[in-house]
Each structure stands twice: as C-alpha cells, then as structure tokens.
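*Asks:* In order, the protein sequence lines correspond to chains A and B. My numbering applies: residue 4 is where the first sequence begins, and numbers increase by one. My numbering applies: residue 58 is where the second sequence begins, and numbers increase by one.
Source of the hints: derived by calculation from the structure; they are not laboratory data. The beta carbon of each residue, even a glycine, is placed where N, CA and C say it ideally should be. Some clues are possibly wrong.
[Said to hold, decoys possible] Covered stretches of chain B (chain A as the covering partner; in silico rule of three or more C-beta atoms under 8 angstroms from a C-beta of chain A):
1. 89 to 103
2. 136 to 147
3. 262 to 276
4. 321 to 330
Here's the letter readout for the chains.
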Amino acid sequence: MIRFLLKRLLIAIPVLWAAITVAFILVRLAPGGPFTDERAYPPHTLEQLQKHYGLDASLPVQYVRYLGGLLRGDLGPSLTQGGRSVQEIITIALPISLELGAWSLLVAIIIGIPAGLASALKPGSALDHATMASALVGICIPPFVLGPLLVLLFSLQLGWVHAAGWNTMSDRILPSITLGIVYAAYIARLARAGLLEVLPQDYIRTAHAKGLHPMRVIAIHALKPGILPVVSFMGPAIAGLISGSFVVETLFHIPGLGRIFVSAAFNRDYTLVLGLVAFYAALVIACNTIVDVLLAILNPRIKLNP
Amino acid sequence: MKIRLSEPAKNVARRFFRNRIARVALAILLILCISAIAAPILSPHAYDHQNLDLGPVPPQRGHWLGTDDLGRDLFTRVLYGGRVSLAVGLAATMVALGIGVTYGTISGYVGGRTDQMMMRIVDALYALPFTVFVIILMVVFGRNILLLFVAIGAVEWLTMARIVRGQVLSLKDQTYIRAARSLGFSHMRIMLRHIIPNMLGPVIVYTTLTIPRVILLESFLSFLGLGVQPPMSSWGLLIRDGARAMESYPWFLIVPGVTLCLALFALNCVGDALRDAMDPRHQLKA
Chain A
4 MIRFLLKRLL IAIPVLWAAI TVAFILVRLA PGGPFTDERA YPPHTLEQLQ
54 KHYGLDASLP VQYVRYLGGL LRGDLGPSLT QGGRSVQEII TIALPISLEL
104 GAWSLLVAII IGIPAGLASA LKPGSALDHA TMASALVGIC IPPFVLGPLL
154 VLLFSLQLGW VHAAGWNTMS DRILPSITLG IVYAAYIARL ARAGLLEVLP
204 QDYIRTAHAK GLHPMRVIAI HALKPGILPV VSFMGPAIAG LISGSFVVET
254 LFHIPGLGRI FVSAAFNRDY TLVLGLVAFY AALVIACNTI VDVLLAILNP
304 RIKLNP
Chain B
58 MKIRLSEPAK NVARRFFRNR IARVALAILL ILCISAIAAP ILSPHAYDHQ
108 NLDLGPVPPQ RGHWLGTDDL GRDLFTRVLY GGRVSLAVGL AATMVALGIG
158 VTYGTISGYV GGRTDQMMMR IVDALYALPF TVFVIILMVV FGRNILLLFV
208 AIGAVEWLTM ARIVRGQVLS LKDQTYIRAA RSLGFSHMRI MLRHIIPNML
258 GPVIVYTTLT IPRVILLESF LSFLGLGVQP PMSSWGLLIR DGARAMESYP
308 WFLIVPGVTL CLALFALNCV GDALRDAMDP RHQLKA
C-alpha cells in the first residue's frame, strides 16, 4: 500500500509538470494580457508593471522562474487581485468550494445509492420504473437549467431562501442540490446496473441458500462488488464537480475557486490561472489515487499496480 | 436496395420497437432532428433578425413561442440552436467513441507496462481541468464551432477509454477468453471477435450517456459565454440569456430549457431501450 502511494506520488510529478507546461504555453499564446484593460495604462506604467511582475523577461526565463517558484511552494503574486498572492486567494476560496463540493457529493450519495439499491432489488417493479424515470429526469436537467428554475421557484416566488450568496446555512441548499442532483442520478443508475450484475451470481444464491438474512446478503455480499461502478465513477465525478462549480458558483455568486478561476482566465491573470491549474491537477490526481485504493479494498481481485 | 439485417440485429430491432417509451423517444428525437435540419423551411423569420420595436413578447400569433428582448423570434432561435447543439453532440461523440474504444481496448488487453503508461496519459489529461483549456483555446483561436467539436471530443474519450479498459480487464481473465487464447487465436482476433462484442453493452450505454453529455458540455460552455457566440444561437446560449431575464420573462428560460431537457431525455431513453434490446437478460429481468 505504502509502496503504491509512493509510486503514485512519483508518477504525479511528471503529470503535474506536463499540466503546468501545457497550461503555461496555452495561456501565453493567448493574445492580450492581464493589463489590457478598457482604459489603457500609460506606456511607462505598463512597463513598470511588466517589470514588477517579471513579465518583461523572455518566456523561457519566465517559465524557469515560475517552475523554480513552484518548487519552493511559491505560486507567485496574482496579477489582477490587488497584489494578493495566489496562495492567499486559494486559501480563502478553497474552503468555500470544498464545502460546496462536499454538500453536493452528500446529496448525490444519500439520494443515489438507496435509489439504485431499491431499484435493483425489484427490477421491473413500479418502484424501479419510478426511480429510473426520476434518475433520467435528473440527468436531463443540467445545473444551468435547474439552478435558475430553483431560484425562480424557491426564492423569487416562495421567498424561502436567498437567490444568491453564501452566508447562511440556507444559502447552501440550492447550490448543493443544483450541483449534486445530476450525480445522484448517475450514481443511482450505476448502482442499479452494478447490483443487477451481481445479484444473479452464484455466490449470492449460496448466501441466500445458507439462510443468511436477506438484508445481510444485500448489505454485505452484494453491495460491495455492486457499487464498484459507482466508486470508479467517483474519479470523473470529482473532475465534473470542479467544472460544475464554475457554473454553480457563477450562478449563485459564491466566492469559491470556480468563480475565481473563470474570471482569472477571462482577465488573463497568468499566475492565478497557472496556480489553479496546478491545484486542480493535484486535487484530481489525489482523488483518483483514493478511488483506486478504494477499488482495491472493495475488490481483492483488483491489484494495486500504479 | 434491401437492407439485410443479421438475425440478432433483427431481434434487437424487434425488441427495441416493442418498447413504447423507446418509440416515443425516437419520435421526439426524429422531430427535433428534422426540425433542426428543416429550420429555414419551418420558420419565416431569420434567427438573427432583430425587431427592436416589438421587444420581448410572450407567445402570440406570428411568434408562437414569443420573442426575446431584441425582438428575435424565439421559435426560430430554438430551431437554429438545435442545429448547432445536435451537430456538436453527434460529431464530438463519434470522435470520443472512436478514440476511447481503441485506446481502452489496447490498454486493457495488452496490460502491464503499456497499460500503466497509457492510463497515466489518460490521468494526465484528466488532471488538466478541461474548462481551462477550452477557455484558453477559445481565447487563442477565436470562438469557432469547429474548435468546439475538437475540444469536446478530445475530452470525452477519456472516460470511455477508462470504462472500456475496466471492462477488458474483467473480461480477459474469463474462461472463454482464456480458452480462445489457448486455442492459439491471434490477439487481434480475440480483441475484435471476443472482447469488443462482449463489452458492446456497456459501450453503447456509455455512448448514449456521452451524446447528451456532449450536448450538455456545449451548452455549459455557451452558458459561460465561451461556446457559440451571438447572434448565432445554441440551446446553452438561449438558456444563458433566459436565466438573466427570468424574473420578468420566464418563457426565455423555460422554452430553451425544456427543449434541451427534452432532447437529453429522448437521447437517454433511446439509449436505454437499445441497451435493453441488446441484452435480453435485462429484459427478462425487467
């Protein structure tokens, strides 16, 4: 296990490097810069700014400098956020996005797994049809349609919650549902499919035959291999939650990483974009590693080879 | 010309059409596709024709889905939006399918070091948050539709490759594959004749999940202002405009929103029905 994690870490380094390099090249190919505003700076000021942030050096030099800073754990100053450093910005915004992600994932799992289970136990029943129809509807209503509709209904019409913001606990409800419901639907489908593969197998029949309680057969014997597809889906789901956060945070005016990232890219805030690419990349790699470990724990036939 | 289907294909078709939901979904899909293709015939208005004197009006004679704040006919814009959204969905999915199945099969089948390397590359690409690259790509090369195809197709194959690889990994230790190997069949033959047909089910199910996902992605990008640009139309773009004006003119949001959901719904239903039709075990159980 430790060897596996160490190896993964070793692999993560070139991956991160590649991600940052590609992002660096692409960001720099983009026309315009962080200081091309509606009101143009005087040439002298612009020169000073460029010099201050080291943007006057040649690109290879800047690239090497950036990587050097990264190795020392320095993501550099943001170019558009009033001299705050990229670390500062991430430190402030990250907890907000993590919280949103956690709530959404909770919504997804709490709804998805029981729904999939109920559905798989009685395939073809009215309950199964109802659940899968709901899942289908859930998949078919994207966050950017669901979000405004929820706002329209629950805040503009009924006035139960705020239309936007991230201050009170009730502000968490609509964004989490908006972001999480799609994943609940996917999880329900995947759990159902996984369980339907498992339930007709011989060892389940054996378990029933030796007189185990049906609940025990399902909870212990069937659920573990049955939710494997759900666990494998978690990797892409985390990546999806990240891009989902771009929409939801913009929609609900949540001051999280997603919204900051979108505006940073629009404003060509080079260091902020690169810092966030590096951060997101590290996050996705970490999550995928955890998913692999979980898969190996759930299914001993899968060996952990990194 | 007479189309001749093999016996299993006929069975699949028969089982597919026996499913009432599948027939309805297919009909919705056909209507959406045909109306998107025939948009210039179906609508007397141009998608970008502004009528500022008219302003935003609710559904009425002459504009039976109403008009937007610039007086553009919403029905026309939804039709033309469908053209863009469906075209992107189809083209990008085919790109994703081709790359994903080839890549995943090779990776899973060969295994060992090759598999490791190939999956690390997928991980590396996964680790590049897609939206970053699309944002930057759109800025660098201008926001054109062709780029959208490539960018979306190049992202969506990753999950397909992973799913296929997972399937191959679990299939290749099964007895009948071992038997095929011990009979001395070539790897190519085992892959093409034994592995790929046996994972067709999951691949088709995922493809049906991919087409709507791709359409979603396009809408997502257009919603953020990074995809299709006005005065061109796409479902995502219309929803973006609709969400901004929903307080005063809810039909801006509801019309394109419902259309998009309907399209996604039809695609998903058709895919599901296809899966059930291909795997009779599912039907028996269901």
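*Asks:* Does each hint hold? Answer for all of them.
*Replies:* Hints, verified against the model:
1. Note: the region 89 to 103 of chain B has 0 residues with beta-carbon separation from chain A under 8 angstroms; the three-residue rule is not met and the coverage is violated.
2. With 0 residues having a Cβ less than 8 angstroms from any Cβ of chain A, the region 136 to 147 of chain B misses the three-residue criterion, and the hint is violated.
3. Counting residues of the region 262 to 276 of chain B whose C-beta sits closer than 8 angstroms to any C-beta of chain A gives 5, which meets the bar of three, so the coverage hint holds.
4. Judged by the Cβ-Cβ criterion of 8 angstroms, the region 321 to 330 of chain B is covered by chain A as claimed, because 5 of its residues qualify and three suffice.
Checked against the numbered hints above, the structure breaks hints 1 and 2 and satisfies the rest.
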